[in-house]
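Colleague: Residue numbers (numbering that gives the first Met the number 0), protein chains in the order written: chain E, 0 to 433; chain R, 0 to 307; chain P, 0 to 311.
No false leads were slipped in.
Label pairs and their computed distance ranges (CB to CB):
no., chain 1, residue 1, chain 2, residue 2, range
1, P, L89, E, S361, 40 to 46 Å
2, E, E83, P, L82, 44 to 50 Å
3, P, Y135, R, V95, 32 to 38 Å
4, P, I221, E, E83, 46 to 52 Å
5, R, G160, E, A171, 25 to 31 Å
If the Cβ cut is set under 10 Å, some of the chain P residues that face chain E in the computed set are:
no., residue
6, F76
7, N265
8, I268
List of simulated lysine to aspartate or glutamate pairs, EDC-like, C-alpha gap at most 16 Å:
no., chain 1, residue 1, chain 2, residue 2
9, E, K251, E, D183
10, E, K418, E, D235
11, E, K415, R, D78
12, E, K418, E, D236
13, E, K415, E, E240
14, E, K292, P, D73
Source of the hints: derived by calculation from the structure; they are not laboratory data.
These numbers come from a predicted model, not from an experiment.
By construction, the Cβ of each residue, glycine as well, lies at the ideal position given by its N, Cα and C atoms.
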Amino acid sequence: MTTPIPHTALTRRHLFQLLGLGAGTAALAACAPSAGGSAGTAATGGGAKTDFAFSSWSLTEETAAPAIQSLLGAYGDDNGVSIEEVSYPYNEYISQLTLQVQGGQFTGAAHVDVAWLGSLAALGKLQDLGPLAEGVDYTEAGLTAAQFDGVQYGLPWNIGAIGLVTNSAMLAKAGVDEFPVTIDDFTTALTKIKKLGDGVIPYAASTKAAQLKDILIWMETFGSPLLDGSTVTIGDDASVEAVTWYKELYDKGLIAPDVDRFDARSLFAQGRTPIYDDAIVGRDAVVTESPDKDLAGKLAAQSRPVLAAGDTPRALVWGGAIAVVDGEGAETAADFARWVTSDPDAAREYFEERGLPPATESALALPEVAADEFGAQFSERITATATSNPFWAYPQYAQIESAIAEQVQAVLVGSKDAKSAMAHAGETAQGLID
Amino acid sequence: MTVSEVHTTKHTESQQAPRRLSDGQFAVLLLLPGVALLAGVVLYPLVAALVTAFFEQSLVIPGRTFVGLQNIVDVLQGDFLRLLGQTLVFTVGTTVLPFVVGFALALALNTKIRGAKVLRGLMLIPWLVPGVVVSFLWMWIFNANYGVMNALLETLGLVDGPQAWLAQPGTAMGAVILAKTWQSFPWMMVMLLAGLQTVPGELHEAAEMDGAGTVRRFLAITLPHLKGIVGLVLLLEFIWNFQHFDIIYVLTGGGPAGATQTFATAVYETAFHGFDLGRAGALGLLWMVLLMGLVVVYVRFSEKGEER
Amino acid sequence: MSATTQLPATPPSGRAPAATTAPAPAPAPRRRRAALRSERPGVRLAAWVTVVVCGGFGLLPVYWLLATALTPRDQVFAYPPRLFPAAPTLDAFAALASNEQLFVYLRNSVVVSVITAVLSVLVSAYMGYSFSKFRYRGRRSLMYLVLASQMFPQALLLVTLYSVFSAYGLLNTYTALVLSFTTFTLPLCVWMLKGFFDTIPDELVEAARVDGASRLRIIHSIVLPLAAPGLIAAGLFAFVRGWNDFIFALTLAGPDKQTLPPGLVNTFIGEASTAWPELMAASLVVSLPVAIAFIALQKYLVGGLTAGAVKG
Chain E
0 MTTPIPHTAL TRRHLFQLLG LGAGTAALAA CAPSAGGSAG TAATGGGAKT DFAFSSWSLT
60 EETAAPAIQS LLGAYGDDNG VSIEEVSYPY NEYISQLTLQ VQGGQFTGAA HVDVAWLGSL
120 AALGKLQDLG PLAEGVDYTE AGLTAAQFDG VQYGLPWNIG AIGLVTNSAM LAKAGVDEFP
180 VTIDDFTTAL TKIKKLGDGV IPYAASTKAA QLKDILIWME TFGSPLLDGS TVTIGDDASV
240 EAVTWYKELY DKGLIAPDVD RFDARSLFAQ GRTPIYDDAI VGRDAVVTES PDKDLAGKLA
300 AQSRPVLAAG DTPRALVWGG AIAVVDGEGA ETAADFARWV TSDPDAAREY FEERGLPPAT
360 ESALALPEVA ADEFGAQFSE RITATATSNP FWAYPQYAQI ESAIAEQVQA VLVGSKDAKS
420 AMAHAGETAQ GLID
Chain R
0 MTVSEVHTTK HTESQQAPRR LSDGQFAVLL LLPGVALLAG VVLYPLVAAL VTAFFEQSLV
60 IPGRTFVGLQ NIVDVLQGDF LRLLGQTLVF TVGTTVLPFV VGFALALALN TKIRGAKVLR
120 GLMLIPWLVP GVVVSFLWMW IFNANYGVMN ALLETLGLVD GPQAWLAQPG TAMGAVILAK
180 TWQSFPWMMV MLLAGLQTVP GELHEAAEMD GAGTVRRFLA ITLPHLKGIV GLVLLLEFIW
240 NFQHFDIIYV LTGGGPAGAT QTFATAVYET AFHGFDLGRA GALGLLWMVL LMGLVVVYVR
300 FSEKGEER
Chain P
0 MSATTQLPAT PPSGRAPAAT TAPAPAPAPR RRRAALRSER PGVRLAAWVT VVVCGGFGLL
60 PVYWLLATAL TPRDQVFAYP PRLFPAAPTL DAFAALASNE QLFVYLRNSV VVSVITAVLS
120 VLVSAYMGYS FSKFRYRGRR SLMYLVLASQ MFPQALLLVT LYSVFSAYGL LNTYTALVLS
180 FTTFTLPLCV WMLKGFFDTI PDELVEAARV DGASRLRIIH SIVLPLAAPG LIAAGLFAFV
240 RGWNDFIFAL TLAGPDKQTL PPGLVNTFIG EASTAWPELM AASLVVSLPV AIAFIALQKY
300 LVGGLTAGAV KG
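Between the sequences and the hints, there should be enough to build the whole structure, so can you do that?
Modeller: Okay, here's the thing in structure tokens:
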């Protein structure tokens, strides 16, 4: 993860371009403070520690809660403060948090998916954590992922990517010894896997609307930039080809209907699919859910196939950051955010509990972390070339993604052809951005 | 139970001892708590939300701009008609189907078959399982890749290979309606059972002595007697289902490709995931206009039907 | 098809006082039995077929809920699914016992639903009484407006309600939930109770007035006791409304006061996986006490309605 990422620079430049556009829109919308304008700057100084609130979707989740709560407990005890826990289900988290922040109900530290930073920052209540990040050896990729409009709105906690996770034993059984490098070879390999029979789904790609946005990374693989400046390019040949290809896989039964990330994990755990898209966070789930006790040893991370050999494999940045919402307790919350994301002991404990990659160089160098083969493989083959979704730069990104997903779904179920569906998706997305 | 004449007795001022409030004032006073709740929880928020229809307003960006009818035009040019159609299919389906199931069960459990009492109790369970769980249970049952529905149907030889019930536009709405039916048939059953028990037994006996068959007696005695309750449950179900949200949202999220999207889920998606309050308000406004039409027609119709 | 067979076995208690004053004559039990004996085999068969088909529809999913709850975590996703869990386990149930947060959700659900039920019955009773015993212009239109008020998209109300409750400091309190749910139960309860009050003879009310009882007193000490079964039935329906809601509970209740529906999602539908056995086990455990309570109060559900809503 130490190598600078080629694509992120481009993304950042885009973000700067968008800044102008954002300001324009803001002026047009006649809204009082422009996005981020009223954001305070985190104080790095001392001062008495106060109680604060911490929100995370993981706080009530059976599998994740103990690890986080133990960190909260440790910080609370060390500093003599009590931390109020706030939690919403993952799927509703950002809407609920938005309501709470906007209504002034929530202040403090908030665990966020990096995709959400744009929406939250638009509320104008996030602190600039740039000064806090100074002197901490956060990875370049982590820092970039937790920025919006060039401002460090989040401190990176666990930054990784979403890529292809495979079951190497199953692949070998199907006669796929080398993971395919090009899309054509990939399609051929899927056909081979299909021959395993027994209801095996060669590639448990997302086909339910919730995660159909996974298609975006394939569009990029086919050569569509998605967004060029402020022009949505969906509808171009590359995006149409990607969707046509997806539809072909769907019709041939190489990918299956009614699959979202949860389903894919379950299918993978059951040994009914050898390939699916996931981030490292899914590892625990598939391993503990599987009747195959050796599954952990069969896991492999693979680079996404490319259009022509030699292209850079695409992957989507995915990860968690901690943002600080201005207001009561914000100062201590910011201190907590820095501690939890950078303290070596905290990082070690959290890694051991959840297996998520930390976001500082020193934590990545910890022996426990370095010993994680799958994790290392994942970083090298997937995270290294990961880029952000360009739509994240817009507060409306969720609406954009679901508009695209709906059109792709229409193609999959055969109610629209790829060309007109993508043209429509592009128009809708453009309309949302303008 | 013949009580219709009771309605005709009216309070008149002459019957009244000297009091501070007139009957009319007292009647209004009784309405107040309910009216206050309706005004605060429904009316005011409704009006406030409808006003946003004329603004470009986001949940995340402070401030708003007046845009006139732009949002409404956008919605109308979008998939408004499709939404309307789907909303009606869902509403009618989830009103009629639970009614049929609930009525059939009520009739069956009103006979003297063994275990009727226990069954009546057991049948309440679907209604009492927390609503979201109903969605998850049916999502679990209908799942294309590991659901029990496919396994059952395949064993019975009714389907050829697993079907993606929730992922095909042709079956998704049916699946959603079935799940909602499962949740709401128990209360239909309870209401109709209550109705059935008020049907005077002697009417049936008399009819039977006259040689009327079961079906005839059902049509001539039972049904007319149940008119009131049947009308009420159908009306209430229609009203509730028209704006029902939870089950669709959790089960399909409105998909696949928008095939199960109704007004209720579309409004939520637009406001809470798209953050677009203006458009959500426009959807609501159009919905409201449609409803007003319906209500006016209904009230006219029912007032003409019975002057009481 | 005899329609009255259950009455002798479970006389809805509320009918007794009403029956003494209402003209409806109670037929002698002996004659009813005679009617029963004549129930034809065809009718019985039809009844059984209905029970098997519709009952199966009602209960098979419940069975599947139970079967899933008993399946070990690593076998839940096996295909084809086993109709009878091969190695049933109580692990999922055991896991619940140690989850304190679930009990918080359960408590919140019970508190919210019970208060909603009580408040709803009270408010609806006043409203229903006004609709039933007084005549004024716009009465009927208002009754339909009460019904129609529930046809609006509640998601739309949510955004404004959120800021209203926020302004009054009621966010993250039981109050916000209770007020919302009570309002949403009004149409059903008002209409049910209005029907119930219709069956209470006006003469009774008049007699009390002649004796000098105040109008409020008449309501509280004469009408409401007579309507007790109807009130209980209305209360049970209102309870379910609060018990089942997801989106209002999620949005208005905040983390501390969240009820079971969002709570269950929060706990078992994770970022990475869905804990199906635990989710199903938890659903069963929390539904069971309510189901038992409802079965115990069944006679009110049916009996309370008998005299009331049916006349609506």
